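Residue numbers (my numbering), protein chains in the order written: chain A, 1 to 261; chain B, 1001 to 1281.
Hints listed in this document are in silico derivations from the structure and should not be mistaken for laboratory results. One should not assume that every hint holds.
To be verified - To give an idea of the interface, some chain A residues facing chain B are shown, with a C-beta separation under 10 Å as derived from the structure: (1) Phe94; (2) Asn95; (3) Gln164; (4) Ala173; (5) Val247.
From a predicted model like this one, the values you see are computed outputs, not experimental measurements. Each residue gets a CB set at the ideal place from its N, CA and C atoms; glycine is no exception.
One letter stands for each residue in the lines below.
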Amino acid sequence: MISLAAFARRAAPVLACVGLLAMWQAASLALKNDSFPTAIEAIRAIPDILGDKEALINILASLRRMTIGFGVAVLVSIPLGLLMGRSRAVAALFNPLLMVIYPVPKAALMPIIMLWLGVGDITKTLVIFLGVSLPVIYHSFEGAKAVEEKMLWSGAAMGLSPAQRLVRIVLPAALPEILTGCRTGLVLALITMITSEMIARQSGAGNILFNALDMGQYDTVFAMIIIVGAMGICLDAIFERVRARLVRWSEPQFDMPLSFS
Amino acid sequence: MKVVPSRSSEWVRPVTPQKPASAIIEIEGVSQVFQTSARKDHVALSDISLAIEEGAFVSILGPSGCGKSTLLYVVGGFVSPTRGSAKIKGRTITGPGPDRGPVFQEFALFPWKTVLGNVMYGPRQQGVRAPEAEAQSRALIEMVGLKGYENFYPKELSGGMKQRVALARTLAYHPEVLLMDEPFGALDAHTRTRLQNDLLNIWERDRKTVLFVTHSVDEAVFLSDKVVMMSKSPGRIREVIDIDLPRPRRRSELLLDPRYQKYVVDIERMFDETDPVGSPS
Chain A
1 MISLAAFARR AAPVLACVGL LAMWQAASLA LKNDSFPTAI EAIRAIPDIL GDKEALINIL
61 ASLRRMTIGF GVAVLVSIPL GLLMGRSRAV AALFNPLLMV IYPVPKAALM PIIMLWLGVG
121 DITKTLVIFL GVSLPVIYHS FEGAKAVEEK MLWSGAAMGL SPAQRLVRIV LPAALPEILT
181 GCRTGLVLAL ITMITSEMIA RQSGAGNILF NALDMGQYDT VFAMIIIVGA MGICLDAIFE
241 RVRARLVRWS EPQFDMPLSF S
Chain B
1001 MKVVPSRSSE WVRPVTPQKP ASAIIEIEGV SQVFQTSARK DHVALSDISL AIEEGAFVSI
1061 LGPSGCGKST LLYVVGGFVS PTRGSAKIKG RTITGPGPDR GPVFQEFALF PWKTVLGNVM
1121 YGPRQQGVRA PEAEAQSRAL IEMVGLKGYE NFYPKELSGG MKQRVALART LAYHPEVLLM
1181 DEPFGALDAH TRTRLQNDLL NIWERDRKTV LFVTHSVDEA VFLSDKVVMM SKSPGRIREV
1241 IDIDLPRPRR RSELLLDPRY QKYVVDIERM FDETDPVGSP S
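Required output: the full structure, derived from the provided sequences and hints.
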């Protein structure tokens, strides 16, 4: 029985995917629309894209921009968020600025950035950086604010300086919250990556997608959507594994038994 | 700034700071005023003077809201007093330091560290080499009764066990004074009693100076050499009572001792006068 339950748990995501594809296939066959290929047609187009050297270079270039944008954003945002969470003055300085920037779609800034920095890597990486920064800053800020005062006092009594307390107490104590922000940031990095390539049409995965759309190659369009989606799922799964390892100490110990199981 | 000590209530006895030669902590005219809003001030402590002898177990007893924890935080250096000063061994306290080790009601353990990691943290910070710090920490963990739990994380422990870890973590860096802020306040009655017994056993070995904040009369009498009774709004010292009971103290003997019973009854009566309608929180 237990092994059956374990099997069901492992099979569930696969079943969900198969179900989704089946629904797609059925809908496409029912609608008979040229711009809506069947799931099988779209999947057949995937090897063509991944086999094409130029397409592969484009996708790798996209991933490289995303990695740099995400990495730099995390390195800048975590210290800033932590400082804001522990210093009223720093929070007062940056909070109004962030409140203005937060709701603005970062892609909306692209025309201006393109005007200043051109349509190359710098512009696209900068937009990814902006997209990732805000959730990471926000979650680091909230995490740092929530750190128990008495924990910091205990550290101070042991002789930790304010800077040491920030790095050795606030950072680890806020880590679960910080990583939640990073996870949101990772998804946003993927979104801003594609968006930036839609606007500055020069290279990248987003460019392949929109070129195919222009040329009416709808199976390629849908194949690219599958590829980008799969990239998102893989990146998120890898990140989640790393996250779970880093904050094992804060996770609840046992699965909560659900009422219906 | 001129400080005018107001002693309006007739039962407030002026407490002159007596300084025995062995006073390790001297609190001199400490007042603490918190600004709750632009116009209203909350006087948490009003002109407190107190001397604590080296090696004494001193309890600060009072109703909630009388500023007893604030007084402890002043000694800890976690808050600086509005007026007056606190000294340790003649030096004015300006901030926290490893000579004063706090133990809080909230435990305040580092949740990302194991039991051993928590206890080793202080010695490592003080520059003790890892193997040495580990050996000392393991011995302390055994002393507080947690042998076998070295690699557990705080979330895996009960409240009583967490407080044992917190005590070991503080003892590990050898503070000269232990500052205990209602350490057993969050525990159930049974766990509380066991921790009181164990704390006394540990304390009776090396007689470190302890400043112990509590609102429990039994606890204060059972543990202390001296009970400092506080009254609230504003927080003042109402009475300092010497607890003249023999040591080592055993709970089973003490509970039957008429002297113990008289202390408890007398102090409880005073407590009721201080706080006639009980505390709102």
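How the hints compare with the structure:
Interface restraint check: Phe94 (chain A) against chain B, minimum CB-CB distance 26 Å, threshold 10 Å, status violated. Given hint, Asn95 (chain A) at the interface with chain B, is violated; its Cβ is 22 Å from that chain's nearest Cβ, farther than 10 Å. Hint status for Gln164 (chain A) relative to chain B: holds, with the closest Cβ pair at about 8 Å, below 10 Å. A least Cβ separation of about 7 Å between Ala173 (chain A) and chain B falls short of the 10 Å threshold, and the interface hint therefore holds.
Satisfaction of the interface hint for Val247 (chain A) is found here, the shortest Cβ-Cβ separation to chain B being roughly 8 Å, below the 10 Å cut-off.
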